[in-house]
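Trainee: Next come the chains, spelled out residue by residue.
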Amino acid sequence: MARMRMKKLEEFLSGVDGFEKPKILLEQYPTPPHIASCVLYNVQAQYFDLEDKLVGDLGCGCGMLSIGSFLLGAQLTIGFELDPDAIDIFRNNVTEMEIPAIDCVQTNVLELTGSKWENAFDTIVTNPPFGTKHNAGMDMKFVETGIHLATGAVYSLHKTSTRDYIHKKSKDWKVKGEVVAQLNYNIDNSYKFHKSKSVDIEVDFWRFDVTEKEL
Amino acid sequence: MKLSTYNFLTSKAIKGVKVGYPLKLTIAKKDVVETEFNPTFIERLLPKLDWNTVYLAAQTVDLADDIPQEQPAAVADNEELLQRLHHLLLEIDVLEGQLECPETGRVFPITDGIPNMLLNEDEV
Ligand SMILES: C[S@@+](CC[C@H](N)C(=O)[O-])C[C@H]1O[C@@H](n2cnc3c(N)ncnc32)[C@H](O)[C@@H]1O
Chain B
1 MARMRMKKLE
11 EFLSGVDGFE
21 KPKILLEQYP
31 TPPHIASCVL
41 YNVQAQYFDL
51 EDKLVGDLGC
61 GCGMLSIGSF
71 LLGAQLTIGF
81 ELDPDAIDIF
91 RNNVTEMEIP
101 AIDCVQTNVL
111 ELTGSKWENA
121 FDTIVTNPPF
131 GTKHNAGMDM
141 KFVETGIHLA
151 TGAVYSLHKT
161 STRDYIHKKS
171 KDWKVKGEVV
181 AQLNYNIDNS
191 YKFHKSKSVD
201 IEVDFWRFDV
211 TEKEL
Chain H
1 MKLSTYNFLT
11 SKAIKGVKVG
21 YPLKLTIAKK
31 DVVETEFNPT
41 FIERLLPKLD
51 WNTVYLAAQT
61 VDLADDIPQE
71 QPAAVADNEE
81 LLQRLHHLLL
91 EIDVLEGQLE
101 CPETGRVFPI
111 TDGIPNMLLN
121 EDEV
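Order-wise, the sequence lines are chains B and H.
Residue 25 in the UniProt record's numbering is what sits at position 25 of the first sequence, and the numbering runs on without skipping anything.
Residue 40 in the UniProt record's numbering is what sits at position 40 of the second sequence, and the numbering runs on without skipping anything.
Chain B extracted, bound-state conformation (with noise of 0.2 angstroms):
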């Protein structure tokens, strides 16, 4: 069960305010109120991974996933992003909807491994940067990461063309992965990263059981 319905929680997460000036290189696009109700919705009713939890959020932008966590019921959430334009507005987001049990730490993602928050959260939730030419991989660098600071699952978001080699990643981590969803991303034409105005990326949601995991 969940303590809101998903049409509910879209409407509360059309109201977050999204980036002002996307960063191409740290692919600053927000996950659509949409796809975040839909897929945190189901986190929730189908795995119980939200209400009561402890939740991470890695790149957590301006904070579409982490207030989406609060709104179905986690006891507090944590944001963790380097970027202090995409904080302002993470602030003025969580100010604004009055959310008391979120926190942001201002810090690189890539430092977290090794640190105290390893085995911190029950949960993490991440819509990582893809990985482009610059920073290939960079989606299974948050992963990974979300891997060593959870003790429950890890859910991300990927692009669908790279499935076979996150299910083989995934047996060298002795985590159990699987596609929860299939869904057509679209990378709203505010954020010109492709030369076309607007265009739709098959883009895979993945569930990590990392209870037996080996990393």
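Just so you know, the hints here were simulated from the structure itself, not pulled from any lab data.
It is possible that some hints are incorrect.
[Said to hold, decoys possible] Distance condition first, Cα-Cα at most 30 angstroms in a straight line; then the derived DSS-like pairs of lysine-lysine:
no., chain 1, residue 1, chain 2, residue 2
1, B, LYS171, H, LYS48
2, B, LYS176, B, LYS133
3, B, LYS21, B, LYS159
4, B, LYS213, H, LYS48
[Stated by the list, open to error] Quick look at which bits of chain H chain B covers, simulated, 3 or more residues with Cβ under 8 angstroms:
no., region
5, 5-11
6, 58-70
7, 108-114
Using N, Cα and C, we set each Cβ at its ideal position, and we do this for glycine too.
With the hints as your guide, set chain H with the ligand onto chain B.
Mentor: For chain H with the ligand alone, coordinates are given in the frame of chain B:
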């Protein structure tokens, strides 16, 4: 920044720093936000926390009388203590202040509730 978050922060990523923990917390401005009390959550959180730093945080916000200096063996039946821990760890919100590395003195500012742990390239 909640004091539960504070419990996990270190300056270990700085080049040459061995432990970088606990960071010295100075508070210029704080707030109290009410959140739902969930005893099971606190019970599950405690083993992940460093008790000395929990106590240190309590001292910093003048709540040391509420919290035992030594970690109690069992808390499950101690509803009153769980409630105090809930208040200390989840309801006190540090808005302005700083965290200081115990080894190098490097200061990490807390601005509008968010600690900035980012290091410059020459520090890592
Ligand atoms: C695809 S966006 C997702 C934003 C937000 N989580 C959402 O779902 O709307 C990726 C985010 O990761 C941040 N980011 C990229 N590299 C990072 C790093 N090394 N450490 C922390 N954050 C990073 C970006 O600034 C950006 O906000």
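Trainee: A separate judgement is required for each hint: does it hold in the structure or not?
Mentor: Now the hints, each set against the structure:
1. LYS171(B) / LYS48(H): With Cα atoms ~27 angstroms apart, LYS171(B) and LYS48(H) stay inside 30 angstroms; holds.
2. LYS176(B) / LYS133(B): holds, 29 angstroms
3. LYS21(B) / LYS159(B): holds, 24 angstroms
4. LYS213(B) / LYS48(H): Roughly 18 angstroms between the alpha carbons, so the hint for LYS213(B) and LYS48(H) holds.
5. 5-11: holds (count 5)
6. 58-70: Since three or more residues must qualify, the claim that chain B covers the region 58-70 of chain H is violated, with 0 doing so at under 8 angstroms.
7. 108-114: holds (count 3)
Figure legend: structure checked against the earlier numbered hints; the only hint not met is number 6.
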